[in-house]
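Residue numbers (my numbering), protein chains in the order written: chain A, -2 to 401; chain B, -2 to 401; chain C, -2 to 401; chain D, -2 to 401.
Read the hints as simulated data drawn from the structure, not as lab findings.
A few of these clues could be false.
Any copy, or any two copies together, can satisfy a pair, since identical chains are not distinguished.
What the hints assert, rightly or not - Once the Cα atoms are required to be at most 20 Å apart in a straight line, the calculated DMTMM-like pairs of lysine to aspartate or glutamate come out as:
# : residue 1 : residue 2
1 : K228      : E102
2 : K99       : E237
3 : K107      : E191
4 : K99       : D238
5 : K377      : D321
Protein chains: 4
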Amino acid sequence: MLKLDFHPAGRHFLQIPGPSPVPDRILRAVSYPTIDHRGPEFGALGLQVLSGIKKIFKTEQPVVIYPASGTGAWEAALTNTLSPGDHVVMYETGHFATLWKKMAEALGLKTEFLGLPGIEGWRRGVQAQMIEERLRQDTTHQIKAVCVVHNETSTGVTSNIAAVRQAIDAAGHPALLMVDTISGLASADYRHDEWGVDVTVSGSQKGLMLPPGISFNAVSQKAIAASKTAKLPKAFWGWEDIIAMNATGYWPYTPSTNLLFGLAEALDMIMGEGLDNTFARHQRLADACRQAVKAWGLEIQCVDTEAYSPVLTGVMMPEGIDADAVRKIIYQNFDMSLGAGLGKMKGKMFRIGHLGEANDLTLMATLTGCEMGLQLAGVKLAGSGVQAAMTALMRNKSPERMVA
Amino acid sequence: MLKLDFHPAGRHFLQIPGPSPVPDRILRAVSYPTIDHRGPEFGALGLQVLSGIKKIFKTEQPVVIYPASGTGAWEAALTNTLSPGDHVVMYETGHFATLWKKMAEALGLKTEFLGLPGIEGWRRGVQAQMIEERLRQDTTHQIKAVCVVHNETSTGVTSNIAAVRQAIDAAGHPALLMVDTISGLASADYRHDEWGVDVTVSGSQKGLMLPPGISFNAVSQKAIAASKTAKLPKAFWGWEDIIAMNATGYWPYTPSTNLLFGLAEALDMIMGEGLDNTFARHQRLADACRQAVKAWGLEIQCVDTEAYSPVLTGVMMPEGIDADAVRKIIYQNFDMSLGAGLGKMKGKMFRIGHLGEANDLTLMATLTGCEMGLQLAGVKLAGSGVQAAMTALMRNKSPERMVA
Amino acid sequence: MLKLDFHPAGRHFLQIPGPSPVPDRILRAVSYPTIDHRGPEFGALGLQVLSGIKKIFKTEQPVVIYPASGTGAWEAALTNTLSPGDHVVMYETGHFATLWKKMAEALGLKTEFLGLPGIEGWRRGVQAQMIEERLRQDTTHQIKAVCVVHNETSTGVTSNIAAVRQAIDAAGHPALLMVDTISGLASADYRHDEWGVDVTVSGSQKGLMLPPGISFNAVSQKAIAASKTAKLPKAFWGWEDIIAMNATGYWPYTPSTNLLFGLAEALDMIMGEGLDNTFARHQRLADACRQAVKAWGLEIQCVDTEAYSPVLTGVMMPEGIDADAVRKIIYQNFDMSLGAGLGKMKGKMFRIGHLGEANDLTLMATLTGCEMGLQLAGVKLAGSGVQAAMTALMRNKSPERMVA
Amino acid sequence: MLKLDFHPAGRHFLQIPGPSPVPDRILRAVSYPTIDHRGPEFGALGLQVLSGIKKIFKTEQPVVIYPASGTGAWEAALTNTLSPGDHVVMYETGHFATLWKKMAEALGLKTEFLGLPGIEGWRRGVQAQMIEERLRQDTTHQIKAVCVVHNETSTGVTSNIAAVRQAIDAAGHPALLMVDTISGLASADYRHDEWGVDVTVSGSQKGLMLPPGISFNAVSQKAIAASKTAKLPKAFWGWEDIIAMNATGYWPYTPSTNLLFGLAEALDMIMGEGLDNTFARHQRLADACRQAVKAWGLEIQCVDTEAYSPVLTGVMMPEGIDADAVRKIIYQNFDMSLGAGLGKMKGKMFRIGHLGEANDLTLMATLTGCEMGLQLAGVKLAGSGVQAAMTALMRNKSPERMVA
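Given only the sequences and the hints, what does the whole structure look like? Please build it.
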């Protein structure tokens, strides 16, 4: 029997920006006995989750669900729509945008990375006018796709996808628009259809509050048309067979049945709260978290107030402080996991997740753990972030408020 | 399908002094398929838990496990050892001592309630010298039993049981000593054998971190001897048949199999942490909680610093504040359950549980919820209890500390 | 970590007449995090299960739910309604009727046991005319209660409770009618109100498909009236406080919260199937089981075809065969638990449970295990019970049948 | 809340050749709270499962675990080792061999399908001499890989992989040997190292008794060497980064954490039984199943007695009987799922799974359901398969046998 908890007692606080804490209801659903993925009960389940997930993406077009974790859905977006040597423009918002670009290169695509210099691009969202300018130059339409990250998990910056859509349209360019909202979906407002996205990539272990293991491609008719002629080899990731069989609730190969049980439960929970309520809750918690960081006198990774992420907050360390050492102190003393700085930000910041199964007191537990850990690590704090966060959370509260 | 969570999202904080939060490991163990309580697997389980529970009570004598919640174990202690009309001396430490006394009367015993006047007795532990004095007067040994509560769940006061034992011995009185440690067991140090307790009563849903539903009588040889002649009618609660069948790991009637699965897991967890470590953790969290209450400028129910409970802290409200209204505000706004003031303290205080599956951050979440809720309720606070608790928790911490 | 399965692989078959196999849905429900039994969510749960359980008893009167296993509910029925020395007539249908009688004596009641001589009474249901005759003799109404077992778990005989009611009425006698349907409820038709039962006793681990740990008293107004003057000491079992607090969904002391989660799920499942469908399914499986026993050339414990139990079947062994040795062979070779012969039938028969979470194939697995085990034990079989049971199950089946 | 069970009561029998029934221990393990896949607890878990899974493959070389279902592991085997246009020889043992070939073509490989004509090849194992002959012809070593299926899930035929290795060696050919044992692993003896397999492909939802969602590539040093120069595009499936990070127990992208919890538990269970005991149990159950089919007078799909699968048995229908109609009757009447005939065998046979969490009584339940269903469907049976299977199972049993 595996001992999973290295701490003696009490609840672990999983405050990384995904996997997020999985609610008990979902864990119980995931543990229901596996059923025959060719039987009638599965068909009913399949239709239910395929229909329900569309509401989360705000799309009426197909959403492909892969029995694979999120990185696979990145690959699926590219291999279904592109051919070897195709030129794609990507935008450097952070570590995950960089990884997606590396993947595109590994798959034989010609990539071009737009972005601001140094870490400046890692502190702001996508600069849509840079995309527009680049596309205007491409008069022969060599660029086949524009790939951007909606919510950069490595930085806590949320980009304006509607603006990217407008930029492409303004340039009159036919490139596909592909968006990664792996960590944004179901936490930050997202509108696949309204924003004219061709492929949206997402995963299960963030706003959907599931364990990792399934991932998504929401597609447009334009993307499907592109897939008919795209030449990158594909089999497991191929949309065509999956979408065809999904019509009756099934998959061409074995789906991840137990995570689909969990997805059905997650959809019930999210729709039970109401998507807009879910988004508002995330914004409120994220704001309180930022008030804490400011009160500590520390810098927030994101410098564009319009681009603050409702999902996570990146906290930059002062000169001379190793963010990973701070995280380790917090993990060891307070049984809490925080996200590490990645890539260009390695050791320079840590990330606080406040997504999914999150409420006022889980956030406050998180911030008290950070405040104590920062002090143990010798970081001079300007003031109490915990107090600032409480003040923020109490706004709009009243003694008469009924939550239920 | 029952909807159990009236709040939209995030984890409920169950900070009442029991039932305490049940760890995931125990919930999973409780959900294993029920087995034949007459089969060999059950016998192995029975022997394991019957042996393991003795370590928690610090006894080498039998511990009877009832498939009934804790109130039943009170009844069992009385009906096994006493006869109709027997005189028992009980001590008023609070609401649960009072309920136990009412039960004794309902069962046909003649009760006598010692204690300090008004709510004074509800703010201090058992005054052992009052027991000694009373027993000295009883030269004809009409008093058959002395009943006290070790950890008063209604007040957060822990009495000195060794002192009660000494008082009885000093009086040279043969009365049985019966102790309720329903909410103390496995959180506060308890020594059935060393303290010469004749019957110790406890339950599952506190320090043992189980759901409610099973309860305990740890007995002495003297108590067993008394049971041979005791005349109160008893059947379900009768020790004799249970102790006899327990020798091979079985029960005379159907035990609560699934909670025994949980008990086996709980014993593994507690012994894995180490009983002394468990006690020290409770003391540390309780101290931090009290620092918070003091910083708020509020009174702690317990006024005897030697009697502070490691399990829960009673927080008294200023004049004019309805503690139940405060609790309701906290429940509605912060999805946290606190304990109500009971009996003489109804509406005058609330109780914070910090027992069982508890650690620094669950305590801090609790205290932030209290601090915000008190402010919403219009309670004037002298200062930040949250800050005071963080200061307390950081003592003895160091950046190098490894917890596990 | 406890190892609960002594067999290397595959599913254990728990075919004792209770605890019956607990469905996965119920096990998951039981493992939901424990909640505050004084909070609003609990109140909603309490009202839901208190209302739902009445439908199972077919009563509109209160049903008391105890956080204690079934034996406790026996005690509750007696202590709430009777006074020391009261005369009760009980009827010997088997081992559990005998145990109930012993309990009544232990509680200080004067018992009288009606019944047929030897094991004859253990092979037939209650002979209602014997009760009528006895009551007619009691012209001064010394007899305060008549206690019978509806479904004798030790024999597989189901008595006619309506006939007992008629017998009491025919005698014009005011005695209370108390019925144990611990193993009958939710498997065999039962009508608390229509049959004029005053106290019905039941438990969770049989037809309700829950783990053991909660039990029931369905009461009549006459029983409640009797409880006002009854003098047996009672506290934990007292109806009055429980019924009063149940009005808002709560209990005077800590209920078995997690088993109530399970009860809510069980009620959903049973009402989802439909009570009458549930009863018909039990009858069908019981009939197939009996066809198997007959084909083996073995005797069924019950000799009255009107009294066959839909819950379990008692299988008598030929002279010279130790039924417990047969059970052990089956347990060791086929990982199946069967019920032992009890009391007068010890070693002479075994009991096959076919209740609760049971269907055609779980019954057939059971019967193949029995048939192979009997052969291994050297029992000469007249023919294949397995074949006979399949023939019985196939009656009324057709290729077109849709179950869903 | 999804209703997953279309039948009113009792346990579903999932007797398809995978997903196989998931044991309760594994379902509980899968439902543990998701942890940080970058934290120390995950590293310990990673090392544990990566080490343990090697014992199941009987290899000391790396085993790559993908957070994707089995079809993905097919793709991984090909894309890691081959380049566009590479010539691969595959062998047609059935439907899954055919699907793997189609995948190879979709990925841009040049495939060649060896095999016996018509359905003859679907009733026997790989004819190793055909491979040897083909490789001898390939004097310029254009063939880069030989791909065979160890246990054909569509037919119930297990091929001799040692013989294939010998054939390749006899031909002195350098082609890689790739083997699919998705449904064989942990049920049929398999020896990755001893048999000189270069890539073994497997999945979680068969002998490992997990839900679907993770899959495996066991690799050889020769395969790793090939991967350095292979030109098929790969990213998600790339071995290099995964193997490098696995050294410390981590993955380059998000793994399927909760299924890895389940894998740890599965490895404990299998090693607890002992691999050889597991294999023997499968052989014994498979033999009993075949005795049943023979007694019914039906044909077993596999006609080579050396190639009978221990995992599943294919049952051919007489002329004029639609196997899918039989399966539907069984599903509707007996709540049991059987495997359909696939590809060339569609409608002509069904498949009985007897793998993983299987024992004597689950097999007997399965066979009684088949026997009754066949009769309902109007299939004339020569005799009772159920009797024949019981006879087979009772061989080597004795009354003294202790299983535990």
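We went through each hint and held it up to the structure:
In this assembly of identical chains, the alpha carbons of K228 and E102 lie at most 20 Å apart whether taken from the same copy (15 Å) or from different copies (13 Å). Proximity of K99 and E237 under a CA criterion of 20 Å is satisfied inter-copy only: 15 Å between copies versus 26 Å inside one chain copy. Neither within a single protomer nor between protomers do K107 and E191 lie at most 20 Å apart by alpha-carbon distance, with minima of 29 Å and 43 Å respectively. In this homomeric assembly, K99 and D238 come within 20 Å of each other (Cα to Cα) only across copies, at 13 Å, whereas the closest approach inside a single copy is 27 Å.
Taking identical chains as interchangeable, the C-alpha atoms of K377 and D321 lie at most 20 Å apart only when both belong to the same chain, with a minimum of 17 Å there against 40 Å between chains.
Violated hint: 3 only; the structure is consistent with all others.
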